[in-house]
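Quick mapping for you: the protein sequence lines, in order, are chains A and B.
Positions in the first sequence are counted from 1; adding 1 to them yields this note's numbering.
Positions in the second sequence are counted from 1; adding 13 to them yields this note's numbering.
Errors might be hidden in some of the hints.
[As the list claims (entries may be wrong)] Simulated crosslink set (SDA-like; lysine to any residue; CA at most 25 angstroms straight-line):
| hint | chain 1 | residue 1 | chain 2 | residue 2 |
| --- | --- | --- | --- | --- |
| 1 | B | Lys-73 | A | Tyr-334 |
| 2 | B | Lys-88 | A | His-229 |
| 3 | A | Lys-69 | B | Ser-87 |
| 4 | B | Lys-35 | A | His-229 |
| 5 | B | Lys-73 | A | Leu-351 |
| 6 | A | Lys-230 | B | Gly-86 |
| 7 | B | Lys-35 | A | Ala-342 |
| 8 | A | Lys-374 | A | Leu-419 |
| 9 | A | Lys-587 | A | Asp-468 |
| 10 | B | Lys-76 | A | Ala-566 |
| 11 | B | Lys-216 | A | Glu-192 |
| 12 | B | Lys-19 | B | Ser-61 |
| 13 | A | Lys-230 | B | Gly-206 |
In case anyone wonders, no lab produced these hints; they're calculated from the structure.
Next come the chains, spelled out residue by residue.
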Amino acid sequence: MSMMDALVRAYDRLAKRGEVPSFGYSSEKISFIISLKEDGTPASVIDWRDTSGKKPVLRPMMVPQAVKRTVGIAPNFLWDKTSYVLGVTAGEGKRLAEEHAAFIDRHLEALATTTDAGLLALRRFLETWKPENFEALGWPEDMKDQNVVFTLESERREGINIHDRAAAKASWARISAKGDKTGAICLVSGERAPIARLHPAIKGVWGAQSSGASLVSFNLDAFTSYGHKQGENAPVSEHAAFAYTTVLNKFLAKGSANRLQIGDASVVFWADGTQAETAEGIFAALFGDAAADMDGVDETSEARKVGAVLDAIRQGKRLADFDPGLAQGVRFYVLGLAPNAARLSVRFWLEDDFGVLVDRYQDFQRDMNVEPKSEREPNPPIWRYLCETAVLKKSENVPPNLAGDWLRSILAGTNYPLTLLSTTLMRLRADKEMNALRAAMLKAVLVRNFPEFKNPQPGKEAPVALDPDNRNKGYLLGRLFAVYEQVQSEALRRQINATIKDKYYGAASAQPRKVFALLDSGSANHLSKLGKQRPWRRDNLEKLIAAIMDAMAPGDDPFPAYLAADQQALFGLGYYHQRSEFFKSKSNEATDAEEAA
Amino acid sequence: MAYGIKLKVSGERACFTRPEMKVERVSYDVMTPSAARGILEAIHWKPSIRWVIDRIHVLKRIKFQSLRRNEVGSKASARNIKTAMNRESLEGLHLLVDENRQQRASTILVDVAYIIEAHFELTAKAGAEDNEGKHLDIFNRRAARGQCFHQPCLGTREFPARFELIEPDANLPPAIEESRDLGFMLWDIDHEGDRSSLFFRAKLENGILAVPAPTSPEIRR
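With the rest of the complex left out, here is chain A:
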C-alpha cells in the first residue's frame, strides 16, 4: 500500500471515532471569542486561552478550514486574525485596510441573504464596525494579531460559536463545494474527483517553516511537467489531500503519542488492528526517549501491558512466541519526514506486521550488544547513540542524513549506513573518547555490513566481550594500545595530563606502523619505572603484552602501514574491551585492598 493510501485509511478510522476534524474543517489555535448581541453590537470579549500557567497557552478549536496564505490576501470564513477581522494590528500593518476590506466583502457577499440569528448578527457587526472602536471599547492589547472567532451573547454560556451553528455549517459546505474544479483520476483512490490545486500545509515537522511545509508542492518551474500547473502535476482529490494532511497534522502535534524525533527526521507511526495502542506504545518506548518509558508510576492496565511486553522484548524473546496476536494481527506503519525549508522529504516509509518490526529491532539490539555495557545507561535510545556521532555531542550537529538512513536500515533489516562507521571513527579521532556507545556502534556496523563477520570463523568474529583468542590485526593492535596506555598511567600515576591515547589514538588506529615502534620503546621506559615500584605489576603487564604479541603472526604484517575503516573499527573495539578489563580488575584490586585493610 502506498503512503498516502495508508494515511487516508488512518484518517477514515480516526474520523469514525471523531478524533479528527471532518472534511472542510481544521483545528486552529484560537485566542479570543468576540461575543455579539443580536443586533451586531459587541457585548464582550472572552479570553479562550489556557491561563493556568505563567504564559497563556493558545488552545485549538475546530473552525472552517484555514485558507493557505503565502503572499496573497485571502480571508478565512467566520474567523481570522484581528488584522482581517477588526482591522487592527500591533505591527505596522501596511495592508491592513485591504485585509479588513477583503474580510468584510467576503462575508457580506456570503451572508447577504441569510436569516439565521447568529449570521445576521455577524453581518450587522461587520457593517457597523470601525477599527477605532477597538480602542474605544477598551479591548485587551494582546488580542491584536491573534485569531478570533464569534459567538452570540445568548449562546456564549453553552460554548456554541457562530461557526458551529447549523446554518453556518450549511453555508460553509455550499461555499467549499463551489470553485474551479477539474475532475481527474485521483492517484490515491482511483476515482474521478475534483483535484486539489494546493495541498494544506503540514505543521509540526522539526526544522521546517513554522507556517507549515508541504509534502506535495510544485511551486517552481523545474518541478512541473507536461505544462501542468500546481496540483495538476499529481492529481490528488481534495478529499484525499484534506485527509492525509489532517491526519499528519494530528500525528505531528505536540504531545502526540504517534511521533518521535530522531536526529533531523520526524518519525510518525501508527498501527491498524485490535491492539493498535499497545503496539504504538511499545514502538515509542523502543525507539524513543528512555525517560518516556513506563517507570512504574503509570498504573493503567495499558501501560502495564506495554511494560510487560517491553521487558520480554528486551530480554530477547520473540514476539510471535509469547504474543502472536500482537505480532501478526497488527499492521504497523512508520513514516520518516525531514524538512527542506518549505518542503518535506520522505526519508523512509515502512509498512509491515508489528512482529516483523520487533524482530528487526531485536536483531539491532543483538548487533549493538557490547560487554561491558555503559553503567549509567544500559539501554540508551537511538538519539543518544546519534549524539555520539555529533560534534560536541549536540543533537543539532548530528550529520543530516544519518538518522533517517540508520533508522530505515534498522526497520528494514538492511545494511547499516557506512556513514555511521566513518562518522564514529572521525569523532574518535577528534575527541579521543571511547565509551560503550561508540564501541557498540562500531561493532554493529562490523557485524552487519562486513560479510566475513557474518560467517563466524575462529578469529574472525567481531566479539561482544574481550576475546583473548581473536587474531584479527586491528583487534590485537587495539588491545596492545590499551595495555600501553595502562602501563603509562600506572608508571606515572597522577602526573599525566595527556596520555598516549590523547596524543596517539588517531595515528595508532589509522597508521600503526608509524607509531607502534615509538609506543613500544616508550612502554619499555614505563615498565622499568614500574618495576622499581611494584615489580609484580610489571610482570603481569609484560605477560599481557607478550600474550597479545604471541597472537600476532610475524609473517602476516602485524603492524600494517594503514588500517582500513573496518580494521579501525576493530581497533576501537579491542581498545575498549581491554581497557574495560583493566577497570574491572582495578575495582577488584580496590575491593581486595579494602578487605585486606
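Starting from the known structure of chain A, fit chain B onto it as the hints suggest.
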C-alpha cells in the same frame, strides 16, 4: 506470446518517481510500466510499432537510499529559445545557476534487477513492408549486441541501465518471494489523448507485477 520478448535490466540505482512526490523524489517500489517502455524504446522503436508491457519480474530485494542533490529551480523557457532562434542571437538565453539553487532530497532504489516481459503491436503508421517478425528480429539482434539509440535509464537519466536479452526458451532467474499490494501506480501518460496520467492497482505476486493491457478496464481513466 508469439511476438513477445524478455529483457533483463539491472543497475546500481533507480528512481521511478512517484508523481505526488516529484519535488523531493520518492521512488515507487517497483519499475513502472512507462519506465519499462522507455527502456525498450531506447533499444528499438519505430513509429510503426508500439510496445506493450505484460509483466515485470523483480529479481532483487527492494532497498532504498536517500541522498541530497543540488539542482536548479527554473527551466529554460521554450519561448525564449524560439525567439533566440528567430533573432539568431544568444542574448538573454542563459540560466544563472547561483540564483536558482534548490537542494532536493531523493529516496531512491538501490541495486535493482528486473525482467521485462513485453510485446509490440503494429500501429496505424505501419507500412506495407512492416511485419511483426521483422521488428522482432531487429529487436533481438540489437538487444543481444547491446545496441541502443541512447543509453536506457532506470526512471531518470542519471541512473543508467544495463540490459541483457533472455532467449525465449531459457530459464528465468527467480523473482523475490514477496507478495503485496503496492497501491495505485502510474501505468503511463496518455500521450494520444489529453496527456493525463493513467493509474492502475499494482499487486506484486511472488515478485511478479502483472501489468494490465492498454484497453483493460483496470486502468483508471
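Starting from the hint list further up, note which numbers the structure goes against and sort them upward. Nothing - there is no hint that the structure violates, so all of them hold.
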